[in-house]
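Knowing the structure of chain R, use the given hints to seat chain X on it.
In case you want the letters, here they are:
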Amino acid sequence: MHVPDGFIDAPTSVATGAVAAAAVAVSLRGARRELDERTAPLAGLVAAFIFAVQMLNFPVAAGTSGHLLGGALAAILVGPYTGVLCVSVVLLMQGILFADGGLTALGVNITNMAVVTTVVAYALFRPLVKLLPRTRRSVTIASFVAALVSVPASALVFTLMYAVGGTTDVSIGKVAGAMVGVHLLIGIGEAAITALTVGAVIAVRPDLVYGARGLRQRLQLRVNGALVDAPAPDEARDGARTAPVAARTSRRALWISGLVTSLVLAGFVSFYASANPDGLEKVAADHGIDKKAEEHDYADSPLADYGVKDVDDARLSGGLAGVIGVGVTVAAGTGVFWAVRRRRSADDVSPVSTSV
Amino acid sequence: MGAGHAHRLYRHGHSPVHGLPPHTKLAATFAFVVVVVSTPREAMWAFGLYAALLAGVAYHARVPAGFLLKRLLIEVPFVAFAVLMPFVAEGERVEVLGMSLSVSGLWGAWNVLAKGTLGVAASVLLAATTELRELLLGLERLKLPPLLVQIASFMIRYGDVITDEMRRMRIARESRGFEARGVRHWGVLAKSAGALFIRSYERGERVHLAMVSRGYTGAMPVIDEVTASRAQWAHAFTLPLAALVVCLLGWTL
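Residue numbers (our numbering), protein chains in the order written: chain R, 495 to 850; chain X, 1431 to 1683.
If we strip away everything but chain R, and leave its shape as in the complex, we get (with noise of 0.2 Å):
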């Protein structure tokens, strides 16, 4: 997804690069506070093996094969802040000595691949690794959905710079179902080996992983045959921990079946209440399976993509667009509850309510 030279026009450009160079700023600033005085080396370390991971090439179907964007790996291993960084830097070497991606285009690839994934991605993580019980699993099934969302996010936000400024007036509906239809695939490639090479990361070394680290269990013993937590030095302030937990547990299973809900209504049903317009509410489901399979197949071959109509892209995205438009609502939504949350903890004194 490298834009080139000359595919963007120059205000836009300069627009885009100033919004990378405004992000860039945010998170130099932003990313001492993740990495402490390692900043520089380890996050080199990082940008060296986003851009190895990149040539990573992973088939997706039918000859096609994608390699993964990194951003919402490298926000997940080592914070959002760090993540824009290290894949803003991957971009500016590639541009410089690989030529992959125009000079120019430099401020739209870093806000379209470096911000837009790595935001996203980590603004659907955090959420979810907090409603999610707090497992190893739950974390990788988070990151698979940050993964998922935000590759064709960013897909999508290429089709907004280039509806503003793009060069060639090929229709934007055509821009968008191609961009999104492919990078929908890609996007679940991305978040399947996301999600396992998070995985991977966690059962070894669960400690680097920056967006799990609220997860440490309580030790545990095991005195005659049942499991007894170790008593902690903090432990009387935890005293009266079981009621506040069962009432959590309840409470999040509220949230995560809002959020699935949802999700599942804005993804999937608007897919089908669009993809079956002239009232065939008979088909069986898995008709409508196999129809939607079919489609992927063609939008897999750019061509037959562009030549079919249309219509079909526009349904997926019509989909998508819901997925993504819910997520960034669940985690805006939750942003401004933690933030009101943190404050009043932060007034409250006492360091029980702190520590929850």
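Possibly wrong hints are sitting among the right ones.
[To be verified] Calculated cross-link-like contacts (lysine-lysine; reagent style DSBU-like; alpha-carbon spacing at most 35 Å):
| hint | chain 1 | residue 1 | chain 2 | residue 2 |
| --- | --- | --- | --- | --- |
| 1 | X | Lys1500 | R | Lys668 |
| 2 | R | Lys624 | X | Lys1621 |
| 3 | X | Lys1573 | X | Lys1500 |
| 4 | X | Lys1500 | X | Lys1621 |
[To be verified] For each label pair, taking beta carbons as the anchor points, the in silico distance ranges come out as:
| hint | chain 1 | residue 1 | chain 2 | residue 2 | range |
| --- | --- | --- | --- | --- | --- |
| 5 | R | Val722 | X | Gly1645 | 44 to 52 Å |
| 6 | R | Leu702 | X | Met1641 | 41 to 49 Å |
| 7 | X | Thr1682 | R | Val513 | 30 to 38 Å |
| 8 | X | Arg1600 | R | Val508 | 36 to 44 Å |
| 9 | R | Ala504 | X | Val1513 | 22 to 30 Å |
Everything labelled a hint here was simulated from the structure, so no lab data went into it. Backbone N, C-alpha and C fix where the C-beta goes; we use that ideal spot for every residue, glycine too.
Okay, now just chain X, sitting in the frame of chain R:
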């Protein structure tokens, strides 16, 4: 792939272009690309002149044409996109060899192809005539934030190490009969990536400790201060200034 990309990009030489200070070359390349991108696409002859200018620089730097052309192959995916454009764009259509093509699509394809190719060629020339370390120094001289420059320099230094590690893992996979053919093999690739991350991160921790124990305090000392004289700036900017003249002609004619 074993030797890493870094060293293959640079072509050792002692030409006048090699000798220019890196930041003048960086600035000149950037200015050239900006000028090329802002040229109107209808002025086809201007792009021919740009190509001639670049060819002049390549001759001056003694970079053989074969090397340059081979490195230009990186552009192929966009060529595919550009070729599709006349078929999908809207507007007035024209018959070419029995196919109905869009006029604006043809112009768009030409636009992307010409400007993209020139941009790629300029970057290839820059990378071929400037050593990596010099390039980073140049970026620092151009007031890129030092943290970014450091990340980039570490990235390049670790790059070969990680690529080697990845190559060893790939050979290990392949010698056990593995070939990534489909979705079922994503798991293996992902586990490789995970193992690669852990191995290289642990290596990075060791390197960092070694650096700290040798007195690293978060910034690399700059030993050789690169400065450019007025003549060197003028020399480097011959290319973008010539391009600017062409561009202005393109707008007025």
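Hint check: Lys624 of chain R vs Lys1621 of chain X, CA-CA at most 35 Å. Holds or violated? holds (25 Å)
Pairwise beta carbon distance, Leu702 of chain R to Met1641 of chain X, judged against the given window 41 to 49 Å: Violated, at about 19 Å.
With a cut-off of 35 Å on the C-alpha distance, tell me whether Lys1500 of chain X and Lys668 of chain R pass. holds (33 Å)
Consistency of beta-carbon spacing, Val508 of chain R to Arg1600 of chain X, with hint 36 to 44 Å: holds (41 Å)
30 to 38 Å as the expected CB spacing between Val513 of chain R and Thr1682 of chain X, which holds or is violated: At 33 Å between Cβs, range holds.
Mind checking the alpha carbons of Lys1500 of chain X and Lys1621 of chain X for me, to see if they're no more than 35 Å apart? holds (34 Å)
C-beta pair Val722 of chain R, Gly1645 of chain X: status relative to the range 44 to 52 Å that was hinted: 49 Å Cβ-Cβ, so the 44 to 52 Å window holds.
Measure nothing beyond the straight line between the CA atoms of Lys1573 of chain X and Lys1500 of chain X; if it is 35 Å or shorter, mark the hint as holding. It holds: about 33 Å lies between the C-alpha atoms, which stays within 35 Å.
Cβ-Cβ distance between Ala504 of chain R and Val1513 of chain X: within 22 to 30 Å? holds (25 Å)
Hint 6 from the list above is the single one not met by this structure.
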